[in-house]
Amino acid sequence: MLFNSIDFAIFLPIVFVLYWFVTSNNLKSQNILIVLASYLFYGWWDWRFLSLILFSTIVDYTIGKQLIKADRQSKRKIYLWTSILVNLGFLGFFKYYNFFQENFVEAFSFFGTKINDSSLDIILPVGISFYTFQTLSYTIDVYKRKLEPTKDFIAFSAFVSFFPQLVAGPIERATHLLPQFYKKRIFNYTKAVDGMRQILWGLFKKVVIADNCAQVANEIFNNSENYSGSTLVLGAIFFSFQIYGDFSGYSDIAIGTSRLFGFDLMKNFSFPYFSRNIGEFWRRWHISLNTWFRDYLYIPLGGSRGGLWMKIRNTFIIFIVSGFWHGANWTFIIWGALNALYFLPLMLTNKNRDYIDIVAKGKILPSLRELFMMLSTFGLTVFAWVFFRAENINHAYQFIIDIFSYSLLEVPYFPILGNQFFIFLLIFFIIEWIWREDNYPLEYLSKKINSNAIRYSLYFFLGITTYYYAVSVNSNQFIYFQF
Amino acid sequence: MKKFILRIVVYFSIAFFFISLFQIFISLKIENEIITGHDNFKTTSNVNSELVLLGSSRCFSHFDPAFFQTNFNLKSTNIGVDGHSQISMAYFRLVDYLKHNNNPKFAILNFDPFMTPGSFTKNGGNLVHKDAFARYAFLPLNEKWKTVEHFDYNILEKYLPLYSLFKYNQLEYSFFPNNSNYEKYGFNRNDLEWKNEKPDTLVNFKSKYSINRHKNEIKKALKFLYEFCDSNGIKLICIQSPVHESIYYENIFETPQQICSDLNIPYIDANYKSIRKDSNNFYNSNHMNINGIHLMNEKLKKEKVLIQLFTE
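Residue numbers (this note's numbering), protein chains in the order written: chain A, 1 to 483; chain B, 1 to 312.
This is chain B alone, in the form it adopts within the complex:
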């Protein structure tokens, strides 16, 4: 009996040792790589930008840091999180960024009717791209990133070596990052043309606009983010980037401005009519392509609020 148990224990210990070694090797290997097109905490560490860009995929794919560097002489980093339009996610990502960088002077939040408050205290909820962040789930090797905590990985995913990489099929991308269909940065995929056969209709989108229904909660969440930025010496600015005309509804798209006005947050409505009415500027209803971004940047360059803030 003793011999049996000893052999089983030795076998499983050796197996555990080897898979732990493999996990450590992979964790170290991907530490400085962007895989599956999603954020990498290490590549945005020690960059010490003066401007960070926050928000969802509309931030991730609309704001090119190079534009702000060239035109406003501000070193910039885009930390928009694809698939996550909660203000809480923008906050988590900013907290993680601040752990490894000097505080920036400015933060731009892409603030639009798609935004939801999210939860600052309870993890879970929107779990889009939980798979992409699973490469950070093996916590013994990583710090406790707030962004990762949001995804609420279970005990096996956190402590069993290779478990999260296997479960979320990240092993292949760990070795072959180029196998992923994603671009490294959102604004690299904006050379796409409109791919919807039919433009989305406002009716389809209205249910996605929660801003009027949850105005107070969103205001509260934005206030929380604003105060956090303020306490860290960061000036928060909100910009609403364009959507296609087919899903634009004035009554809804004016609400972000009202909220920012109530909270005294500088706001720029970059949802310019001339851009949103032309399908050539978009690759889908709510994401611009390179044409649209180019036009938006041309106009942003001349925005008095922005010039004033950045040249103060």
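Isolated chain A (complex conformation):
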């Protein structure tokens, strides 16, 4: 079920009413309703893969209980690795089997040995990378004794399958989300209203910004050989806006929806395109995944401790694995490696932790230096997105070669979009900029704008624009569903 679908517009109010009016007196009933709603939400896409979620839930629940009983470290390690192997086994099979198989065949044929190509026609279960990492965080935290294993199977099932963030995150930690299922949720008006605002803003980002940018980006990337270098640059920029609107929009809707049900999810995006260097960008982009890799991969590998080579190795590992997590394609690996190259100089000069605050805090405009830094960081990320979006390495290579040609100096061609879209893009940019110091732009809007008339006019404007584009533009599935 897509957030920007009629199905979800019907599903959400029904679950909301049942949750607060029928099950509100009983914690267990609330959790059961969440599990049922989540399974319905996921099964709407393909009910067969519900078995994977259920199996993963049972395995990690059982292993969690066994981990606390086991007294010997060796036994505990076996339990931990069982969980890791089961979860990553599913992920590996559904997501990476064909990739490895094809690359093995190619590698062997390079050395003159022919192996039968036995690639399988595998459907990638939506959101498998997300819920796999979420359940893994539970087992690892229980193993590390950071978290007591749960005895409540329903609460654990709800934690694994929680529908707002099941298919595209934020990837929650068990330490943060699971305890919220132990406490009875009490309706909070301010939280619910804020949730609605965040849903509205998320829908606007997805439907108005991302889906429109997708039209241009898809046209240019799918027919890149027909366009000038300057138009290809435009395509890459539009893809940058598309992926931001798409993914951060999803996160906003997920967080907002959770708030309607009394839950707090972690922030996943924090105005990443206003970053002044790549280090800051990666602290603001897909925060839940990056901190997951930091805590469960980078730090166990030694982090930034140790010698120079250790630091370089760990940086490359975390970025390449992060790239590979996105998809079974060399383009994602190159994308990760390229970001590691961007990041490395900052880390080696200890500048990777600079710029913790948002740019130009308390000011209306940035300084020229800040503006230059933001634009250059944006330029680097746009360049890297070419690899992320390209069909394969050859396509990315050719795309970049074509950019750096004489046609880069030509006036770019804007395919498809009407002029009115650029007005919406400008409004979007202005709203993101002026309210960049909050978790999301419309947060605490009643404090920012006293006038009810202006505030409700803004809601109406965002709502009607979203309605228009939701109906008139062919919506793309959320990009991150494929991961």
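In short, the hints are calculated from the structure, not lab data. One or more hints might be untrue.
[Claimed, not checked] Some, not all, of what chain B presents toward chain A, calculated at C-beta under 7 Å:
(1) 1
(2) 4
(3) 163
(4) 166
(5) 167
(6) 169
C-beta atoms are modelled at their ideal positions from N, C-alpha and C, and glycine is treated no differently.
We have chain A already, so just place chain B on it with the hints.
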């Protein structure tokens, strides 16, 4: 909780009220306008013509009502539906026309091998120009037009204000009808010259001629239309207008005449050899331009069947 739900309900109700108001405003605004070159039920209401012209784009672009008015003294209206060569669509359009006009004396159907029977009972099927008719989809404000019903608009398109206008991108044309590439009437675009680099070949077109394969179904559909006209006091006449020589195949193009003969429907083969062999008379293989139409009209003027019927 109550406060939250109340505010949500109030917000959505106000929003719904405003978009409904906007929908009503647009519906009223376009009621008397032709947009995107397609039919407008209101502009063909209360015209009370004596002759209506039925068929597909070949009717829409070949038959100029002014010709029939001038030469036969018959007030005429062209209600051909571009993109729809089903006999059922001609019937639906005629039914809609009759709801708001006195019954005409005559109906001319452009009947040629492109025609298909269509379905008189099941909606859907050929949905060409579903977008252009979407401006009528918001049913609470419109009568149930049979032509619109054919397009089978879904519940959201029918009952959610602005939905169909947004979905089929009709909002812009509702405000700026001239932005459309279409001419208001098909016969306004017949000053075009032949635009195909290569003429179509018969092989390419043969698959489009379903008349011999579905002769019985087509005959049945035509009979249904004929009987409907008859029961309403309308004399149905079939005319086959010209196609370019490159796609003409005698064995196929004679079939309409056989069908009409079987059903006793007056028929005129206006697919004149002298017109169809000259590319200057067409803007594509199956649509004439102004030259072709002018030549066809000159010949139609002298058609005995037509003179006899119209002067009876």
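Status of the hints after comparison with the structure:
A distance limit of 7 Å between C-beta atoms decides the matter here; for residue 1 (chain B) the minimum to chain A is near 5 Å, and the interface restraint holds. For residue 4 (chain B), the interface hint holds, since its Cβ comes within 7 Å of a Cβ in chain A; the closest pair sits about 5 Å apart. Against a cut-off of 7 Å between C-beta atoms, the interface hint on residue 163 (chain B) holds, since the closest Cβ of chain A lies about 6 Å away. For residue 166 (chain B), the interface hint holds, the least distance from its beta-carbon to any beta-carbon of chain A being 4 Å, beneath 7 Å.
The interface hint given for residue 167 (chain B) holds, since its Cβ lies 5 Å from the closest Cβ of chain A, which is under the 7 Å cut-off. For the restraint placing residue 169 (chain B) at the interface with chain A, the shortest Cβ-Cβ distance is roughly 6 Å, inside the 7 Å limit, so the hint holds.
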